[in-house]
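Q: Chains as they are written, first to last, in the numbering used here: chain U, 1 to 326; chain F, 1 to 326; chain P, 1 to 326; chain R, 1 to 326.
Since the hints were derived computationally from the structure, they do not count as laboratory data.
Among the chain F residues that face chain R by a calculated CB cut under 10 Å, a handful are:
#: 1; residue: LYS137
#: 2; residue: ALA139
#: 3; residue: TYR141
#: 4; residue: HIS142
#: 5; residue: THR218
#: 6; residue: LEU220
#: 7; residue: ASP224
#: 8; residue: LEU228
#: 9; residue: MET229
#: 10; residue: ALA230
In this text the structure is predicted, and so the values were computed from the model without any measurement.
Glycine residues also receive a C-beta, built at the ideal position from the N, C-alpha and C atoms.
Protein chains: 4
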Amino acid sequence: MPIPSPTLYPPFNVIRLSHVEFGVTNLAASRAFYVDTLGLQVTDENDEAIYLRALEERGHHCLILRKASSSLIKALSFKVFDDAQLDLAETWFRDRGHAVDWVERPYQGRTLATVDCFGTPIEFYFKMDRLAPIHQKYALYHGVKPLRIDHFNCFSPDVDKAVAFYGELGFRVTEYTEDEESGRLWAAWTHRKGGVHDMAFTNGTGPRLHHTAFWVPTPLNIIDLLDLMATTGYVANIERGPGRHGISNAFFLYILDPDGHRIEIYCSDYQTVDPDLEPIRWDLKDPQRQTLWGAPAPRSWFENGSVFEGVEPYASGLKASPIIAP
Amino acid sequence: MPIPSPTLYPPFNVIRLSHVEFGVTNLAASRAFYVDTLGLQVTDENDEAIYLRALEERGHHCLILRKASSSLIKALSFKVFDDAQLDLAETWFRDRGHAVDWVERPYQGRTLATVDCFGTPIEFYFKMDRLAPIHQKYALYHGVKPLRIDHFNCFSPDVDKAVAFYGELGFRVTEYTEDEESGRLWAAWTHRKGGVHDMAFTNGTGPRLHHTAFWVPTPLNIIDLLDLMATTGYVANIERGPGRHGISNAFFLYILDPDGHRIEIYCSDYQTVDPDLEPIRWDLKDPQRQTLWGAPAPRSWFENGSVFEGVEPYASGLKASPIIAP
Amino acid sequence: MPIPSPTLYPPFNVIRLSHVEFGVTNLAASRAFYVDTLGLQVTDENDEAIYLRALEERGHHCLILRKASSSLIKALSFKVFDDAQLDLAETWFRDRGHAVDWVERPYQGRTLATVDCFGTPIEFYFKMDRLAPIHQKYALYHGVKPLRIDHFNCFSPDVDKAVAFYGELGFRVTEYTEDEESGRLWAAWTHRKGGVHDMAFTNGTGPRLHHTAFWVPTPLNIIDLLDLMATTGYVANIERGPGRHGISNAFFLYILDPDGHRIEIYCSDYQTVDPDLEPIRWDLKDPQRQTLWGAPAPRSWFENGSVFEGVEPYASGLKASPIIAP
Amino acid sequence: MPIPSPTLYPPFNVIRLSHVEFGVTNLAASRAFYVDTLGLQVTDENDEAIYLRALEERGHHCLILRKASSSLIKALSFKVFDDAQLDLAETWFRDRGHAVDWVERPYQGRTLATVDCFGTPIEFYFKMDRLAPIHQKYALYHGVKPLRIDHFNCFSPDVDKAVAFYGELGFRVTEYTEDEESGRLWAAWTHRKGGVHDMAFTNGTGPRLHHTAFWVPTPLNIIDLLDLMATTGYVANIERGPGRHGISNAFFLYILDPDGHRIEIYCSDYQTVDPDLEPIRWDLKDPQRQTLWGAPAPRSWFENGSVFEGVEPYASGLKASPIIAP
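Build out the structure end to end from the sequences listed, making use of the hints.
A: Written as structure tokens, this is what we have:
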């Protein structure tokens, strides 16, 4: 498969994934999960929405929980280098026939709303209210002590297409799984900010959001969270892990929020800033790519995802089978 | 069920579990597993046997690997308080009709060989060669950095009987699983040395050795071992974990040696020296007793065990079913 | 120096150190320190006193904070094996001319108050209210997540005398520092419960309490506490550490409570149940006995201690000098 | 002080610090330190030099040890985005009157050698031999398990000048210490790759290299190294730590190699990719900027550094005094 070359001059400069807005059916239940259990910090809240940041972040929000009549995802958001990039982005999307819109978002400056190659709602902004640092206010740390949002992972009906599209925007592939027979991509991890990924794509009915990941420093944070969830009524929300992915080398845990949105807690990936970093190829049949230690993932992990508001997912044409726990 | 009361004056004073001798079919393969991978220290070796100790131990051996034509366990061994206890033990076992024998064991003083209430071969000694401390020779630490042998867990065809027998010898129950309908014990954890167990008993065809456990200080030791085993040809030897037991609160990993002998690596249990420590009761139907975080154990974990040399196991009459992974 | 031999039959059977009562001048300030910062759990409190336990303890209290007009220690308390041991203890102390008294202590059964060979107030009891386990109530864990009280360390004007006295009661020496010239003990660590110590003695003006220690599972607990104290107004209460003692191999931190009572947070010691465990001898001139990594302790650590109520400390005759930070 | 604004278009694009070449007087002693103790991996070695990489690096070397008649630093090296950047760099330095030279470096492509504003020898390259990933070859991990080179810290006679010079090249200030009276910079941390620093500058006689840092994932790696060094003859090579810097929030340890070159082992910094990341200002008089937990640094840490080959350091005009341990 053709992996896009890195470019110093993408059409507009995306710095990193930034935040996501979840539609949730019960704000109080979501607050108990994200604030009391995970330990995200509330930066604003009202009857309609809760704004959250992780402990080393200075931007106003990395996660917005908004009251909704059903579980859904509003949009995936990205920060660009400066204000000028937003106009470059508008032109680029418009030229390709993607609908574009300038939208108002609280605590943000100009925000461009558009869609990716599958209709996934995505937004770009440069300015967001900056808050005082809290990473050394250790009295605030609790739960899993999340330091920052790390990446999105999306079910994609055509991973080759996703990689080509985001590749044009400067997202570099760090690791990928290839279906040996068809030569098509099964999954790919792409980054902007110098880690293993800002955006990953997994073959499946999509576009849907597979998970949103938060970064923690050590596996002990994850073990603490497991102990806490297991003894505070969240044992059924533990879906998969703890374990280590072969891909990305991440020590991981997958949990489900009260609306079924999947969250990954994650540490141990590596630095990827070298423009000549060689993508690592994994065979779809290698069980250690999923879990280095051998345990397969449950079926739910391959099938369930969050829909984007107003976007109808469609099935992938690629039917190769991953290894699933019986 | 009647849990034996603690006694200050057992018929003879057992200090702790001490060591075990495994019959192994390939000494080199076992050495690669226990020495190169787990990090146990060789204290003596020849063509027939390898003697090992863990890093904070000063006794000559906690594990003996002996060349054998098939996978088996020779005996479980216990250290007593002083030489006089051995004579008390001899009398006690002889009075109850158990065969007793004084046997020669390298690096040990007088050693009494006998059997427990199921015919399990057990041995008692007081003196063993004492070696210089190595717990501060940090250059020796590698693998999982095992600090000491912690406990034996045996499949028992009658756990009530096991608890009564070992209870007479002063082994105190710390936690147990009861079958609600029959009121019979499904499993029990009993100790002498002040931790959750020296000897545990699990309902099943027995007597067989379910596992031998080594103590490590933190979950990170276990994660390091998983990474090492997963990338040095031992991924299929990882049977269960990592996870946290509800019972004992231990963070655990179960692995299989080249002969199928099961080893637990383990941390996070608690101190149990209070004579009025209340045993904790678990319901057989509570899945969190097995794994606090919810994941069930694989079938192999409930079924496979190591036989004792020359001892025919027999089925348990108790047929209640634990929760098993599909 | 003559290290007492272990005995299976001490005059009465002490299980372990149990608890201590601190006189404190400001209950609210002490509560902020011990409850909000260290994470001990309140089991009772009123205008005069706060009762605390650590997270794996089931006895009602390991630390009592009692309002007092000056900083002092009321008594060091020990748990015995059963009620009968209390009468044996009474006889033993009376026979040796130590004042004995049966005192009322809330939440405890019969309690014997007496003094040791230096006049240190010590108390013995068997029964204390037992509380439900909380070690798996992970939502309660915060601060340094203390699991249990571990030991007392006392300034002693005559360490040889201390070791002889407590040795008669079955306290076994695990490690000691000897002054090479005089052949006298500089410091000794003695245990009942199977760790490196329940009671340690350090040469100095005494009797005074040098510190009370709490056990935590990993160095990361200690690092978390340092970060918390450093950013919540307690930076000046950090006296020494983190570091690793040569003696006991403990990873340590010494902090001072608002009244100057010294607390050690501690992990990584080893199991000492073998009756033939060889005490480890350290030379007073070996700087690594204090801190394996080389950093000397501050002068305050060698000089400051808490006085026992109504007990006048006196100077030690032994004048050897330890290594002190400039 | 004027902190340079971030720019999307620096005159040439530097990706990150890359490697350093140390002149060492005894290759075998240096090998014992860096390979056997720290755990760096040898990628090539001969009688004159040893090439090393850390465990997640795929470039051929991050540290070169070269036999020399005295302890010195050959050059600090940086990787640029592509080959074209080298020509841009040549022009930029030549235009400013800095000597430039194209030099041959084993395992590297075209390499530009020049000097910075103080005469510090610096080199730029794009291509370096890429080696197969070893980050999942866990059998190779030992010592402190270093994952990657993280930053250089230089003594600078004029920190304002250093920040201005490197700022033109796109190095962004993340944190800085200002002398309140003079308004001049005492120290500054600047980055290219998205962490707290690639290059830091500390006021002092310079240019000299203060230290080279390696990144590890957790404080336990550092504690393991302390235990190892303390028991393998390197206790005197431990200069400062462990501790947490206020600045950068890093958990740190400073050690000295056999030639006195200072190495920092380091974890816990944070992501800095946002172009609008606000630099954090520290007051020179705030002792927590050096060590969050309060312990001052030893005098040697403020005074000793490694000279660059053929470069005469000169004194700084700024005479403010940091807090030094007595």
